[in-house]
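Participant: Given the coordinates of chain A, work out where chains B, C and D should sit on it, guided by the hints.
Chains as they are written, first to last, in my numbering: chain A, 1 to 84; chain B, 1 to 84; chain C, 1 to 146; chain D, 1 to 146.
Hint data in this document are derived by calculation from the structure and do not stem from the laboratory. Just so you know, these numbers come straight off a predicted model, no measurement behind them. For every residue, glycine included, the Cβ atom is placed at its ideal position computed from N, Cα and C. Fair warning: there could be bad hints in the mix.
Stated by the list, open to error - Going by beta-carbon spacing under 10 Å, a handful of chain C positions derived as facing chain D:
| no. | residue |
| --- | --- |
| 1 | A18 |
| 2 | G34 |
| 3 | A130 |
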Amino acid sequence: MTEIDVLYFAWVRERIGLPRERVTTGAATVAGLVAELAAREERYAAAFADISALRVALDQDLADFDAALDGVREVAFFPPMTGG
Amino acid sequence: MTEIDVLYFAWVRERIGLPRERVTTGAATVAGLVAELAAREERYAAAFADISALRVALDQDLADFDAALDGVREVAFFPPMTGG
Amino acid sequence: MRVAVQAEPFDYGAESAAFAAAAEGAGAVVTFLGVVRDNGGALRAMEIEHYPGMTEKAIAGIVEEAAGRWPLTDALVIHRHGRLAPGEAIMMVATASRHRAAAFAAADFLMDYLKSRAPFWKKEIGSDGAEWVAAKDEDEAALGRW
Amino acid sequence: MRVAVQAEPFDYGAESAAFAAAAEGAGAVVTFLGVVRDNGGALRAMEIEHYPGMTEKAIAGIVEEAAGRWPLTDALVIHRHGRLAPGEAIMMVATASRHRAAAFAAADFLMDYLKSRAPFWKKEIGSDGAEWVAAKDEDEAALGRW
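Chain A extracted, bound-state conformation (with noise of 0.2 Å):
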């Protein structure tokens, strides 16, 4: 089990509740640390819904979902990026 900081941005972040939190994980990638977060709490749940909607960087780097979380200490999530 690691330590990781998780951060939420924009709508997941108003799904969720709370702009980042700190998880205890044994998952070895993205998307097993999706699956443990959807299985926590419906709101949770809800954020995580359609993984098709979702972005995530790790470590301040974009990445894929099948990405491993090996030695990552932040994971963020948040829908396609409108800038400019």
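Facilitator: Frame of chain A; chains B, C and D shown alone:
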């Protein structure tokens, strides 16, 4: 025979040695006017030696060398433009 | 090359002038300015959320990518976050190069990538509630041009 | 829409700021600034000749063509003539539209057409003489993009 203002720009002006002149011509087309001018003197012949290196405007609109001179009051000869 | 992510307004005219003055050796400068549209009076404000830390890093990476593709003598990106009123400037991009084609292409490229790859999220606050702006398929598709 | 053909310098920062401030309803403003390059110190001055009367008419026609192709809320062209020193601004273009793609395309189009269809001729005055700038095949070819 009609009177037309003929204008020269850039190296055409330099080669012919004047910026504009009033020309009396019976030419029906731009090409006819060019033939008349080129026959005048060596400096005109030099300026009009390569028609493909020249552009022409009739009354301030770009035109082709086979365009008619009917009703035209101002003809300008110049090299391809280099603005911007 | 300068990247600024800030809540404060910026002075578009002054930034453009300073960028052009510093663009030694460049023959061409292109700027882009993004402004909050009022959507026919329906918009009260635009909230821009971002991911502090990642934002600067992501933009710097996009600028670096542009500088690798085109011979830029300079580039600038300023992007605001926080609450903006209709008519306010959201962001600007400037590029300088010897030739116009490179300056245009790089500015266009920077905009496409900032739109879809820099961690900003826009929320429109209207008279009848607030709504997150959805990413457009065409914005993602635009990346395929490069 | 404004077209200015002038010998006097213009203030790029102030013109950009005023254009953006007046661009009501636009979400996107693109500007292009052309500057005299010094060609590694070899250039003393750039002489720009033009065809008074036709110049304004030709540029207005090009701007009108751009406004017909893209939904522009505004456009600006300023082009200088006469003798310019290296580093001086030659000309600028600005376009405003609701969306960035139209503003970029219109500015790029205006530059391509001003380059090859507006009656300006550049002469480079160097330390070893003066030479008329030759039109480039690529500039003529660029018109085929539109």
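Participant: For every hint, state whether the structure bears it out.
Facilitator: Going down the list of hints, with the structure as the test:
Because the closest C-beta pair between C:A18 and chain D is about 8 Å apart, less than 10 Å, the hint holds. With its C-beta approaching chain D no nearer than about 6 Å, C:G34 sits inside the 10 Å limit, and its interface hint holds. Hint on C:A130 is violated. Least Cβ distance to chain D is approximately 19 Å, over the 10 Å limit.
Comparing the model with each numbered hint stated earlier shows that hint 3 is the single one that does not hold.
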